[in-house]
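*Asks:* Here are the chains, one letter per residue:
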Amino acid sequence: MSAGEDIPASARPHLPRGVKLKRDEARGGFALLAPERIVRADPVAAAVLERCDGQRTLAEIVDDLCVTYRGERGRIEADVRRLLADLAAKKMVRL
Amino acid sequence: MSEEADKTPPAPLGLLAELTHRCPLRCPYCSNPIALESREGELDAATWGRVFVEAAALGVMHIHLSGGEPVSRRDLPDIVAHCAEAGLYSNLITSGLGLTQALVERLADRGLDHVQLSIQDAEPDSADRIAGYRGAHARKLEAAQWIVATGMPLTINAVIHRANVSRATKIVALAVELGARRVEIAHAQYYGWALANRAALMPARAEADAAWAAVEEMRIALEGAIVIDHVAPDYHARTPKPCMGGWGRKTLNVSPSGKVLPCHAAETIPGLEFWSVKDHSLADIWRRAPAFNAFRGTEWMAEPCRSCDRRTIDFGGCRCQALALLGDARATDPVCSLSPHHDVVGRVANRDSVSDAAYRYRAAPRSFEKA
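If you read the sequences in order, they're chains Y and Z. So in our numbering, spot 77 of the first sequence is number 355, and the numbers just go up one at a time. So in our numbering, spot 358 of the second sequence is number 360, and the numbers just go up one at a time.
Hints in this document: simulated from the structure, not taken from any laboratory. It is possible that some hints are incorrect.
Ranges of calculated distance between the beta carbons of each label pair, as one might list FRET restraints [as the list claims (entries may be wrong)]:
| hint | chain 1 | residue 1 | chain 2 | residue 2 | range |
| --- | --- | --- | --- | --- | --- |
| 1 | Y | ASP364 | Z | THR49 | 32 to 42 Å |
| 2 | Z | PRO292 | Y | ALA367 | 41 to 51 Å |
| 3 | Y | ARG334 | Z | PRO272 | 51 to 61 Å |
| 4 | Z | ARG221 | Y | ASP342 | 30 to 40 Å |
| 5 | Z | VAL233 | Y | GLU328 | 27 to 37 Å |
| 6 | Z | GLU301 | Y | ARG305 | 16 to 26 Å |
| 7 | Y | PRO294 | Z | HIS238 | 31 to 41 Å |
| 8 | Y | ARG334 | Z | LYS280 | 46 to 56 Å |
| 9 | Z | LYS280 | Y | ALA367 | 41 to 51 Å |
| 10 | Y | GLY332 | Z | HIS238 | 38 to 48 Å |
| 11 | Z | ASP111 | Y | GLY306 | 30 to 40 Å |
Chain Y regions said to be covered by chain Z (calculated; three or more residues, Cβ under 8 Å) [what the hints assert, rightly or not]:
| hint | segment |
| --- | --- |
| 12 | 311 to 318 |
| 13 | 356 to 370 |
Note that the structure is a prediction, hence the values are computed from the model and not measured. Backbone N, C-alpha and C fix where the C-beta goes; we use that ideal spot for every residue, glycine too.
Whole structure, please, built from the sequences with the hints as guidance.
*Replies:* What follows is the structure in structure tokens.
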């Protein structure tokens with residue numbers, strides 16, 4: 279099983295209190311800020327995390343990304359699941 | 003100064019704000035300097051606010067509100083609010099003493115992002131003995147509940163040394179039980195008061211190794227439940243730590259009175275000139291203050307660092323440690339197995355691990371004597 283395959287499509291991922299996506303004015307791009315962690319968020323990760331508002335479901339986030347980036351759904355969904363699983367293990371995303 | 007030092011350094015990511023050196027606890031491993039700064043000289047909240055705005059403009063993202071005990075400052079909520087206004091991520095590093103539920107809620111309301119709470123042991127009597135304060139442990143457990151109740155992430159931090167090394171895994175278990183999102187198991191590093199107490203703190207090598215392995219096992223078992231950060235026992239290592247991620251590369255430290263230091267122990271190094279936020283902007287200090295340029299980059303290095311493949315990985319290790327162990331801040335950190343003086347480290351560790359020295363407690367500041 280690849281990472282994140284077990285996340286239900288109905289999950290509403292969000293950043294818990296104490297985790298913030300922030301535009302990095304000094305260096306450009308985005309950074310994900312968490313306790314004692316500053317993680318560079320590449321444009322793809324930032325696009326996913328901006329949509330993790332606790333309102334939208336995983337399925338809706340993937341739909342939205344498919345429209346915005348006109349990509350192949352299977353691939354986008356796999357990328358999103360992998361990212362969310364990785365960040366959930368680090369307690370930076372709640373599913 | 004060399005050409006390299008004149009180049010614009012990378013933007014710093016973190017700033018440690020030592021709001022005060024006052025603290026109700028007397029932990030023998032404290033990293034504060036032996037000569038503590040006085041309450042009268044402390045920067046006011048408005049000045050801290052100005053420093054935070056300058057820090058954000060310079061590229062800083064994390065502010066660590068530390069001390070001493072930052073809760074000793076009555077204006078802490080205002081200082082926290084200044085961090086939030088400047089768009090900075092704020093981390094309160096506290097012993098928990100002096101917190102009340104109302105204050106924790108107020109700090110959360112003013113925008114505090116994260117709390118790092120120290121505990122001294124998993125066993126209350128031992129914890130209180132280490133802290134030099136009866137009843138401290140119970141009050142910390144109470145504070146942990148208040149913090150978790152606000153939804154703010156809680157980190158439990160424990161410094162590991164001879165008196166608690168056999169309970170490192172129990173401390174991790176306690177952190178899980180308290181609802182912490184992260185736990186930091188940090189083997190003692192010997193600076194400031196910890197250096198003065200090294201003979202009372204140094205664990206036996208076998209005990210430190212066993213604790214290390216057991217906590218590493220827990221990291222795997224607890225993945226997804228809690229984040230474990232593990233700081234290795236320096237004196238038993240073969241490669242030095244890249245202290246502060248390299249001198250003047252990632253972080254700065256502002257003392258209670260406004261002196262800006264490349265690290266909290268930098269004042270032990272003779273001959274360094276530190277600038278104050280009272281006289282200079284933070285950007286000017288970061289780029290031009292002599293103390294920041296003294297060991298920046300690799301130009302200052304001698305052999306074996308100068309030609310070493312790892313010179314931009316560990317930056318020669320820790321300057322304060324080279325000074326403490328060899329009397330020479332420019333030397334390769336003797337923790338490195340390539341140092342011609344590497345044997346000194348093992349010799350000191352072995353000698354101190356069997357010493358029967360008693361704790362030398364830092365004196366309780368006047369305002370806490372009757373606490």
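*Asks:* Hints broken by the structure, by number, lowest first?
*Replies:* Those not satisfied: there are none.
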